[in-house]
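Chains as they are written, first to last, in the working numbering: chain B, 1 to 416; chain X, 1 to 281.
Warning: the hint list may mix true and false statements.
Said to hold, decoys possible - Lysine to any residue pairs mimicking SDA-like chemistry, simulated, CA-CA at most 25 Å apart: (1) X:Lys49 to B:Phe132; (2) X:Lys10 to B:Glu107; (3) X:Lys49 to X:Lys78; (4) X:Lys45 to B:Thr286; (5) B:Lys150 to X:Arg115; (6) B:Lys226 to X:Met113; (7) B:Lys193 to B:Lys226; (8) X:Lys49 to B:Lys226; (9) B:Lys143 to X:Arg280; (10) X:Lys45 to B:Lys226; (11) B:Lys143 to B:Arg125; (12) B:Lys150 to X:Leu142.
Read the hints as simulated data drawn from the structure, not as lab findings.
Since we're looking at a predicted model, the values are computed, not measured.
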Amino acid sequence: MALAIRVVGLSKQYRIGETRGKVEYRTLRDSLGRLFRRSRHATIWALRDVSFEIPQGQVVGIIGHNGAGKSTLLKILSRVTRPTEGYAELYGRVGSLLEVGTGFHPELTGRENIYLNGAILGMTRAEIDRKFDEIVAFAEVEKFIDTPVKFYSSGMYLRLAFAVAAHLEPEILLVDEVLAVGDAAFQRKCLGKMGDVAREGRTVLFVSHNMSAILHLTQRTLVLQKGRVAFDGPTPDAVDFYLASGFRRAGERRWDQEEDPTWDPAGPFRPLALRVRDAQGRVTDTVRADEAFAVEWEYALEKPLRGLRVGIYLLTTRGEYVLTSFDVDDLDMYRTWEERPAGHYLSRVHIPGHWLNEGRYILSVNASTFGVRTYFHEENALSFRVDPIGAVGAQWPERRVGVLRPLLRWEILRNA
Amino acid sequence: MTSQTHSNPKPYYIVRPPGRWGFPDFRELWQYRELIYFFTWRDLKVRYKQTLLGVLWAWLQPFITMVVFSIFFGRLAKMPSEGLPYPIFAYAGLLPWEFFSKSFNKAGRSLVMNRPMLTKVYFPRLVIPLSVVLSSLVDFLLAFVVLAGLMVWYGIPPTPRVWTLPLFLFLAAAVSLGGSLWAAALNVLYRDVGYVLPYLVQVLLFVTPVVYPTRLVPEPWRLIYSLNPMAGVVQGFRWALLGIGPGPDLGMAISVTVTLLVLLGGLVFFQGMERYFADRV
Numbered sequence: 001m002a003l004a005i006r007v008v009g010l011s012k013q014y015r016i017g018e019t020r021g022k023v024e025y026r027t028l029r030d031s032l033g034r035l036f037r038r039s040r041h042a043t044i045w046a047l048r049d050v051s052f053e054i055p056q057g058q059v060v061g062i063i064g065h066n067g068a069g070k071s072t073l074l075k076i077l078s079r080v081t082r083p084t085e086g087y088a089e090l091y092g093r094v095g096s097l098l099e100v101g102t103g104f105h106p107e108l109t110g111r112e113n114i115y116l117n118g119a120i121l122g123m124t125r126a127e128i129d130r131k132f133d134e135i136v137a138f139a140e141v142e143k144f145i146d147t148p149v150k151f152y153s154s155g156m157y158l159r160l161a162f163a164v165a166a167h168l169e170p171e172i173l174l175v176d177e178v179l180a181v182g183d184a185a186f187q188r189k190c191l192g193k194m195g196d197v198a199r200e201g202r203t204v205l206f207v208s209h210n211m212s213a214i215l216h217l218t219q220r221t222l223v224l225q226k227g228r229v230a231f232d233g234p235t236p237d238a239v240d241f242y243l244a245s246g247f248r249r250a251g252e253r254r255w256d257q258e259e260d261p262t263w264d265p266a267g268p269f270r271p272l273a274l275r276v277r278d279a280q281g282r283v284t285d286t287v288r289a290d291e292a293f294a295v296e297w298e299y300a301l302e303k304p305l306r307g308l309r310v311g312i313y314l315l316t317t318r319g320e321y322v323l324t325s326f327d328v329d330d331l332d333m334y335r336t337w338e339e340r341p342a343g344h345y346l347s348r349v350h351i352p353g354h355w356l357n358e359g360r361y362i363l364s365v366n367a368s369t370f371g372v373r374t375y376f377h378e379e380n381a382l383s384f385r386v387d388p389i390g391a392v393g394a395q396w397p398e399r400r401v402g403v404l405r406p407l408l409r410w411e412i413l414r415n416a
Numbered sequence: 001m002t003s004q005t006h007s008n009p010k011p012y013y014i015v016r017p018p019g020r021w022g023f024p025d026f027r028e029l030w031q032y033r034e035l036i037y038f039f040t041w042r043d044l045k046v047r048y049k050q051t052l053l054g055v056l057w058a059w060l061q062p063f064i065t066m067v068v069f070s071i072f073f074g075r076l077a078k079m080p081s082e083g084l085p086y087p088i089f090a091y092a093g094l095l096p097w098e099f100f101s102k103s104f105n106k107a108g109r110s111l112v113m114n115r116p117m118l119t120k121v122y123f124p125r126l127v128i129p130l131s132v133v134l135s136s137l138v139d140f141l142l143a144f145v146v147l148a149g150l151m152v153w154y155g156i157p158p159t160p161r162v163w164t165l166p167l168f169l170f171l172a173a174a175v176s177l178g179g180s181l182w183a184a185a186l187n188v189l190y191r192d193v194g195y196v197l198p199y200l201v202q203v204l205l206f207v208t209p210v211v212y213p214t215r216l217v218p219e220p221w222r223l224i225y226s227l228n229p230m231a232g233v234v235q236g237f238r239w240a241l242l243g244i245g246p247g248p249d250l251g252m253a254i255s256v257t258v259t260l261l262v263l264l265g266g267l268v269f270f271q272g273m274e275r276y277f278a279d280r281v
């Protein structure tokens, strides 16, 4: 069995302040000052002793919560950053999709950017020449290929960026959640292309929060937790493991600064805990189909916020969205809570019984001001199960299809 | 997954923690030569699309500077110019100087400005400051045409030593690249360095014989003065092209030595710091 990747004991240590997004750059003045003071930096291990082997042609998913180390792993395998310990053997050319549109310049035309971006991703000029027409066709920007990209709509821009990246032909492909951008049609296109790539027999490492995509595209999945490999096995089992675990007791997800290095404690919005409570008010991860239950989110506002809306997304484990709901959806609520003073809050939503079908559901949370700013967003924050006890139609021992399983009012009329 | 015995070919690449310091991998740099071309091309294309006059700017900029210098230094301050008309004296020094100052200032910021690429894609980071120097070189070559025109205008034939000009050009490129590598790497690690660079360049202008001839510098100071690598470059440039000023002498030798030290040191320093770029930029 030919190997594509072998990772042995890979570890990456960061100084606090260097982790994702928040770089505390140093100044010469600071460093010279520090020369005379022996202070040790707080450090964090983004990856710790990660080992695995991937045979050629396998499509492997990598999942885990924010800060688990997924992006760091891809960055190291892409040679963007160096490991602190351990090593990785790569048996083939690596192409990385850590972002689309890397190096795009607004003043250059679409054509020029294709060449530039292609070169940055590692394609030779001859290769780009060969695939040029395909790329343009995939992106559907034939008419605008010679206008500067600054005039493109965001949709066109994304399509073009992805089109270039999608035509990379490395032996090993590393993909990091690039499919999270764009509209539904675009995402479907991306998934389709990813599927093609996988079928061509390339080795693919795919990092995503989209459980549906992971289930569709990968055969095997690694679950990362706090920088370590917590699970390595068939994808359905890995997804189950991931959803049932994490920094959480059954039915509750707490946010704790030490555990999640990506969380910004300086934000005005501080999530505290997310819980599912059954009809008796108990925190649980399983609710009965015939009972109402509540999802409550506890959070703190460091300063008054205007126009804030706090809510949930409910998804099935197949990645289908069931609903989106915000605490100020109702107009009266919206008017009452337009300005929220600083303080400790709990937003609780009641979900009726006899409504959701049995199965496992995922909650994602969001706190934002529409069109202005997202204060906090977390995918897959908590999961729970709906147990079929007392479900509608329980008189027949059958599973029903559909996301909903409501008790609806029927009329039966008969000619007398 | 347990490890099995594989009859594997040698790995294509092994990702490892950074090791000892050394020189950049020039073979890899050669593999990425197309990327160097594209970055240089991008720099030039964007610059000429954005400025009002496009390519003309490469000619106008040194020309206008020369005119201003000629008025204030040449005519009003009556700066000596070794027997040649001041404008051409100044222009001949201005050209290599602008090559250096443009490279140094731009390259110093280049890594930080390309932050998105540094954190998402791999390529030898040397490509970035190298392409900045190359695009400045293109500007230099364009402006050189004007210099040739000026020589025709003033009726000054090139000296028989003009064949040494490429050597001095190479020296100018070495200083530019070397300085740029130090500046670019330091700026990623210590962000305040970027603020110092333009100031440093300004001061360096006065310590370089651009607006005045080397002869102006009193003898006892001449050797210390030569520690500025650009001094040797400008001096040599004028000597090779116009036949004025001291030729290769001890001062020039000092400049050349400093140039090589700056370049070699810059290559090693840059390569050594590359391991931190993605994390600290």
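Hint check results:
1. Using a Cα cut-off of 25 Å, the hinted pair X:Lys49 and B:Phe132 holds, with the two alpha carbons roughly 24 Å apart.
2. Between X:Lys10 and B:Glu107 the CA atoms are separated by roughly 43 Å; this puts the pair beyond 25 Å, and the hint is violated.
3. This hinted pair does not check out: X:Lys49 and X:Lys78 have alpha carbons roughly 39 Å apart, beyond 25 Å.
4. Distance restraint check for X:Lys45 and B:Thr286: the Cα-Cα separation of roughly 61 Å exceeds the 25 Å cut-off, and the hinted pair is therefore not satisfied.
5. About 20 Å separates the Cα atoms of B:Lys150 and X:Arg115, which keeps this hinted pair within 25 Å; it holds.
6. Note on B:Lys226 and X:Met113: the hinted pairing is violated, with a Cα-Cα distance of about 31 Å set against a maximum of 25 Å.
7. For the proposed pair B:Lys193 and B:Lys226, the alpha carbon gap of about 31 Å is over 25 Å, so the pair is violated.
8. The straight-line distance between the Cα atoms of X:Lys49 and B:Lys226 is roughly 47 Å, outside the 25 Å bound, and the hint therefore fails.
9. Proposed proximity of B:Lys143 and X:Arg280 is contradicted: the alpha carbons are some 41 Å apart, above 25 Å.
10. For the hint linking X:Lys45 to B:Lys226, the alpha-carbon distance of about 45 Å lies beyond 25 Å, and the restraint is violated.
11. Between B:Lys143 and B:Arg125 the alpha-carbon distance is near 23 Å, which keeps this suggested pair within the 25 Å criterion.
12. At roughly 29 Å between alpha-carbon atoms, B:Lys150 and X:Leu142 are farther apart than 25 Å, so this suggested pair is violated.
In this structure, the earlier hints numbered 2, 3, 4, 6, 7, 8, 9, 10 and 12 are contradicted, and the remaining ones agree with it.
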